[in-house]
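Colleague: Anchor point for the sequence shown: position 17 equals 17 in the UniProt record's numbering, and the numbering is continuous, going up by one each time.
Just to be clear, a hint being listed does not mean it is correct.
[What the hints assert, rightly or not] The calculated label-pair distances, taken between Cβ atoms and stated as ranges, are:
| no. | residue 1 | residue 2 | range |
| --- | --- | --- | --- |
| 1 | Gln31 | Pro10 | 16 to 22 Å |
| 2 | Leu32 | Asp55 | 31 to 37 Å |
| 3 | Met37 | Val3 | 30 to 36 Å |
| 4 | Gln21 | Arg47 | 30 to 36 Å |
| 5 | Val3 | Leu32 | 28 to 34 Å |
Derived from the structure by calculation, the hints contain no laboratory data. All C-beta atoms in this analysis are idealised placements derived from N, C-alpha and C, irrespective of residue type, glycine included.
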Amino acid sequence: MFVTTPEFLPQHRQQRGQLLQIVSAAEARGQLRVVEMNQQVLGNLDRIITALEADEAPGGTEVADAG
């Protein structure tokens, strides 16, 4: 279980950017397994970021992701 709040959006966005670079480099090298594993993490981060952006409000809403 992973719980976060809107105050961590900058870190989640930064991690997403780093993962995009990893995926791009792995694709260029033909490392399909690395791409596959990180695509799942990117999907989880996208869901977390989207939910946090939708729920941004004073006090914030916690978002849980079991992935």
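Colleague: Against this structure, judge whether each hint is valid.
Modeller: Evaluated hints:
At about 28 Å, the beta-carbon gap between Gln31 and Pro10 misses the expected band of 16 to 22 Å. Range check, Leu32 to Asp55: Cβ separation about 35 Å, and the 31 to 37 Å hint holds. The hinted window of 30 to 36 Å between Met37 and Val3 is violated, with their beta carbons roughly 23 Å apart. Taken as a hint, the range 30 to 36 Å is violated for the pair Gln21 and Arg47, whose Cβ atoms sit roughly 20 Å apart.
Checking the proposed 28 to 34 Å range against Val3 and Leu32 shows it holds: the Cβ atoms sit about 32 Å from each other.
Violated hints for the displayed structure, listed by number in ascending order: 1, 3, 4.
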